[in-house]
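*Asks:* The chain contents come next:
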Amino acid sequence: MNDLVHRYGTALTLLMCLAVAFWLVILVIVPNLYLFENSFRPYLPVQDMGGPKDVYTLKNYLTFFNSPIHITVFISTVLYSSIVTVICFVLAYPLAYYLSKKVSVKSLPAIFLLLTVPLWVSEIMRSFAWFIILSLRGPLNYLLINIEVIDKPIRWMTGFRSVIIGLVYTYVLFMLFPIYNAIQSLDTAQIEAADDLGAPWWRIHWRVILPHAKPGIASGSVMVFMLSAGSILVPTLLASTNSRWFTEIIQQWMFESLDWNTGAAYAFLLLILCTVFVTLVMRIFRVKLSDIAK
Amino acid sequence: MTTKKSDFLFRLYLVIFLAYLLLPLIVMGGAAFNDSRFPSVFPWAGFTLNWFVELWNDARLINSFKNTILVALAVVLLSVPIGAAAAILINSIGGATRSILYGLMVAPILTPGAVIGISTLLFWNKLAVPLGLHLAVLGQVSYIAAFVMLLVLARLQSFDRSLEEAALDLGASHSMVLRRILLPHLYPALGAGAVIAFFQSIENFNITLFTRGPYDTLTVYVFSKVRSGITPTINALAVILIAVTLTGALVVELRRRRVQAKSA
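Chains as they are written, first to last, in UniProt numbering: chain Y, 1 to 294; chain E, 1 to 264.
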């Protein structure tokens, strides 16, 4: 801190500290504390606020724990977000390895330009694209019927499969790029040494490349899981009535019941879920937060 | 270790992966030109530009587009200085304070947008600030500033601090050190931060949904259209957005290559 004052003077240092304080205190910490506090208050009409009925209560959380439907939706959100994370890893890992260790440096910029195209297209458009493709009278069914693979259109958007398809498509790049960065920093000589000493390819991956890619895998998993569990667009567009996502229930409390307090409790449950997941991943992969956020 | 066969398989996988990423976008773009009320490319019912005309006549859309740009500019103006200040600050301290601050700063990236949206809504509602795009800006800044911070922090690692010492010894004022020495070194990171902040803001849906009040941004508007009844005007909009952003990305890439060629 003294170092900053020495370099940039008191006024500039103070200004910088104020900017950071505004961000962390006003935009991050206090709103989250407020969310926490609100989740323990009952939902009351305006005239009762601050009155004798306005006491701390666990009612909002009990609403969740007494509702088998909401618990089921929560569990399926966790389960299917985890499945999406695993699928993204399986799809991304071979490609990340190929791009970082095999492809000639010359062709990399072109490949990366092509890979990043979907990132420039907003999430809603990407899920909308799959909505078109998977719809009953959509191009996929039309194509499959025309080449006589199937004779009746398939209802793709039932259960969670269309949600999984949409989430994987939307977030797979968030897995690819961190793993690519991690593998790229591995010295190729280590792979060659293992190869020269006679290790089969799968052992080279298991003992040399995968351990080195750990921070990237951790970072990708955290991002994909968090984005999937918190996604609103993809489930709303691609889910059917028998596959509901936890964020949809939060939306119901906020916009349909207008019960912001229960909404806050449910949002807080989602936040806890993501925090637990981040902590677990950091434990399992033995990485620090600074390895994950890059 | 690389046999011809495995190399061929990797290559094939790359092609399939790229097709998987790009084909859905092509299908969606194609549907914008198909003369069919339901957006699809098969069966092809003839070429039309009607959906673009319909799009142009949609006043709500034009309005939401304006809102989106305004919000994105405000987010850039706030998050770039905040993120840069945060990076400079965290770079000058160490120990436990640094880890705690760093954790607080990156936490919003790992927080679901719905949680940020709802907490922003509740907090400012308590202060009797009405809902609206200004809250969407504040909610978005809370996590976008973290991206800028990470970019600037990475750039600071290659900064030679003795340059600042030399300038101070030679009698430069504090603001001059910042303006003439530190900021020029940070310009690439600040530029990249501004671009990322702009696009993150345009893309944002989750935070905006909860904080916007009665105002529309592009993503929220498209969302309401998709829910109320799908027409290929949405595809036409997608085509325009893809064209604009791709042109932008290409220009940036070409300029980068020219700069690289010059310095090589």
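Don't read these hints as lab results, they were simulated from the structure. Please read these numbers as outputs of a predicted model, since none were measured by experiment. Heads up, some of the hints might be wrong.
Stated by the list, open to error - Simulated crosslink set (PhoX-like; lysine-lysine; CA at most 25 angstroms straight-line): (1) Y:Lys106 x E:Lys225; (2) E:Lys66 x Y:Lys102; (3) E:Lys66 x E:Lys262; (4) Y:Lys106 x E:Lys126; (5) E:Lys66 x Y:Lys106; (6) E:Lys126 x Y:Lys53; (7) E:Lys225 x Y:Lys101; (8) Y:Lys106 x Y:Lys288; (9) Y:Lys59 x E:Lys126; (10) Y:Lys214 x Y:Lys59; (11) Y:Lys214 x Y:Lys152; (12) Y:Lys101 x E:Lys4; (13) Y:Lys102 x E:Lys5.
Stated by the list, open to error - Examples of chain E residues lying across from chain Y (beta carbon under 8 angstroms, computed): (14) Leu18; (15) Asp35; (16) Pro39; (17) Ala45; (18) Leu49; (19) Leu77; (20) Pro81; (21) Ser92; (22) Ala96; (23) Ile100; (24) Gly103; (25) Leu104; (26) Thr111; (27) Asp160; (28) Val251.
From the three backbone atoms N, C-alpha and C, an ideal C-beta is built for every residue, glycine too.
*Asks:* Indicate, hint by hint, whether the structure satisfies it.
*Replies:* Going through the hints against the structure:
no.: 1; hint: Y:Lys106 x E:Lys225; verdict: violated, 43 angstroms
no.: 2; hint: E:Lys66 x Y:Lys102; verdict: violated, 45 angstroms
no.: 3; hint: E:Lys66 x E:Lys262; verdict: violated, 38 angstroms
no.: 4; hint: Y:Lys106 x E:Lys126; verdict: violated, 56 angstroms
no.: 5; hint: E:Lys66 x Y:Lys106; verdict: violated, 40 angstroms
no.: 6; hint: E:Lys126 x Y:Lys53; verdict: holds, 18 angstroms
no.: 7; hint: E:Lys225 x Y:Lys101; verdict: violated, 45 angstroms
no.: 8; hint: Y:Lys106 x Y:Lys288; verdict: violated, 33 angstroms
no.: 9; hint: Y:Lys59 x E:Lys126; verdict: holds, 21 angstroms
no.: 10; hint: Y:Lys214 x Y:Lys59; verdict: violated, 41 angstroms
no.: 11; hint: Y:Lys214 x Y:Lys152; verdict: violated, 45 angstroms
no.: 12; hint: Y:Lys101 x E:Lys4; verdict: holds, 15 angstroms
no.: 13; hint: Y:Lys102 x E:Lys5; verdict: holds, 13 angstroms
no.: 14; hint: Leu18; verdict: holds, 6 angstroms
no.: 15; hint: Asp35; verdict: violated, 15 angstroms
no.: 16; hint: Pro39; verdict: holds, 5 angstroms
no.: 17; hint: Ala45; verdict: violated, 12 angstroms
no.: 18; hint: Leu49; verdict: violated, 19 angstroms
no.: 19; hint: Leu77; verdict: violated, 12 angstroms
no.: 20; hint: Pro81; verdict: holds, 6 angstroms
no.: 21; hint: Ser92; verdict: holds, 5 angstroms
no.: 22; hint: Ala96; verdict: violated, 13 angstroms
no.: 23; hint: Ile100; verdict: violated, 10 angstroms
no.: 24; hint: Gly103; verdict: holds, 6 angstroms
no.: 25; hint: Leu104; verdict: holds, 5 angstroms
no.: 26; hint: Thr111; verdict: holds, 6 angstroms
no.: 27; hint: Asp160; verdict: violated, 13 angstroms
no.: 28; hint: Val251; verdict: violated, 12 angstroms
Checked against the numbered hints given earlier, the structure breaks hints 1, 2, 3, 4, 5, 7, 8, 10, 11, 15, 17, 18, 19, 22, 23, 27 and 28 and satisfies all the rest.
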